[in-house]
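Colleague: This is what each chain is made of:
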Amino acid sequence: MSGVIDIRGVEFSYPDGRKVLHGVDLEITAGERVAILGPNGAGKTTLALHLNGILQPHAGTITVCGIPVVGEHYREVRRMVGLVFQDTNDQLFMPTVREDVAFGPANLGLKGEALDRRVDAALEVVSGSELADRPPHHLSGGEKRRAALATVLSMEPEVLVFDEPTSGLDPAGRRELILTLADLPMTQLVITHDLPLALELCPRSVIMNRGRVVADVPTSDLLDSPDVLADNRLELPYGFDRSGDALSS
Amino acid sequence: MGAGHSHALYVHEHSVVHRMAPQAKLVAALGMVVSIAITPREAVWAFAIYAAVIVGLTGLSRIRPGFVAVRLLAVAPFVVFALFIPFIATGETTEILGITLSIDGLWGTWNILVKALLGASVSILLTATTEVADIIRGLSILRVPALFIAITTFMIRYLELISDELGRMRVAMTSRGYDPRWISQARPIASSAGALFVRSYERGERVHAAMLARGFTGDMPMPDTELANRPQWAGVLLLVGVFAGTAIIALVVL
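These protein sequence lines map, in sequence, to chains A and B.
To convert a position in the first sequence, counted from 1, into my numbering, add 131.
To convert a position in the second sequence, counted from 1, into my numbering, add 206.
A couple of the hints might just be wrong.
Unchecked claim - Stretch-level coverage of chain B by chain A, calculated; a stretch enters the list once three of its residues show a Cβ under 8 Å from a Cβ in chain A:
| id | stretch |
| --- | --- |
| 1 | 336 to 349 |
| 2 | 359 to 365 |
| 3 | 407 to 421 |
Quick caveat, the hints were computed from the structure, so don't treat them as lab data.
Computed from a prediction, not measured in an experiment: that's the story for all the values here.
Glycine included, C-beta positions come from ideal geometry on N, C-alpha and C.
Looking at chain A on its own, in the form it has when it is part of the complex (with noise of 0.2 Å):
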């Protein structure tokens, strides 16, 4: 079977004229975790934000789980995945974080105690039933992400998709949706900067740059490749030992 996110020869232009991505080509099986690196405005979010039909490719084809994501399935593939912006304020929009969270089913068709139970599954994986009837702009940042990564569970997706999961966390924030993260079943894609994250949740690493896939190593090596991660202006933390998950003196 091919994989469960299938891209090929994708590129795609903004209305303005850039051109971001040129030609991609990737493919992530089912279970998989998958880092997507690379320097702001290599295409990271580009790509992601083509993975469910927000934006549609000037050349080439994706496919989910088998299905082309073009108009007649925009429905289904994007129950099947789930996009986690960066900025939690845009993927929190109702008044309290469970309209937020029942957002998703309901434009699936769900009703009454089936939503219900949905939303309070996908509450209770993010440790987040304490926060069903706040209001967004009164959670943390940490809270917010729960939030956040709650509302695209409740759509029971194949795939997750992550956009900078880790960024504006404090560090125990950061602890706690890792560890969140690490107990999903779902296939991931984690775009982000954070070498150690992706170290501990991703054994395989794409770097994009300039629209396009420039390595797709397992993320152990790449972190040998010093000459890599500096051409694709990416860092491991000061003083990083990546032998014991801790900094060296």
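Following the hints, complete the assembly by docking chain B onto the known chain A.
Modeller: The following block gives chain B in isolation, referenced to the frame of chain A:
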């Protein structure tokens, strides 16, 4: 700015008024405000009845009268001009402290003041005892069009973010020595308003993308619609009955 902007109106308490279903409170508030608005200005006794009921409700809601009084200052800019009416209105005049005032003008001032204050008190009580999310739910149960509800929901959700952004821009300007004193120095304010508009527009696009990503097809899902039970509607009937009855008697008598 900062936290709680849209919730500054709400007072956390556990009163019988807080527990009422939001749709019941909305209907009651609307009935009360309409009654106040249609009552003839000469029916001073009717306004006394309204005021007494509102004071009673404030007590029942365990809201401090001081809270309502401070919130009432919000109507001040709208009623200030009413204070000038007795000086500029024509017709019969009377003299108070040696100043000639129009009697009709005095009634005009009274009319605006009493109705604005009583009407605003009702709204203050409603928002002090009902969370914003519940008010929206109540409107939806009362079959207010979904588009209106969606617009209101987003406005409330993002008003705070936008005001936060404005606050950060102001801090950034002040940090770099911007301290406007003259109108000629207003240019940065105008350009920051423009920047804020563009940022809000872009956020709108991102929020729309986030909605599409979760299967949005153009219809907002409706919130759960549990209906108010009988005792609540009995309370609403009683309140609206007292107000509407008073207004009707006042209209007939005068």
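Colleague: Look at each hint and say if it fits the structure.
Modeller: Hint check results:
1. Under a criterion of three residues with beta carbons nearer than 8 Å to beta carbons of chain A, the stated coverage of the stretch 336 to 349 of chain B is upheld, 3 such residues being counted.
2. For the stretch 359 to 365 of chain B, the stated coverage by chain A is satisfied: 5 residues place a CB nearer than 8 Å to a CB of that chain, which reaches the threshold of 3.
3. For the stretch 407 to 421 of chain B, the stated coverage by chain A holds: 10 residues have a C-beta nearer than 8 Å to a C-beta of that chain, and at least 3 were required.
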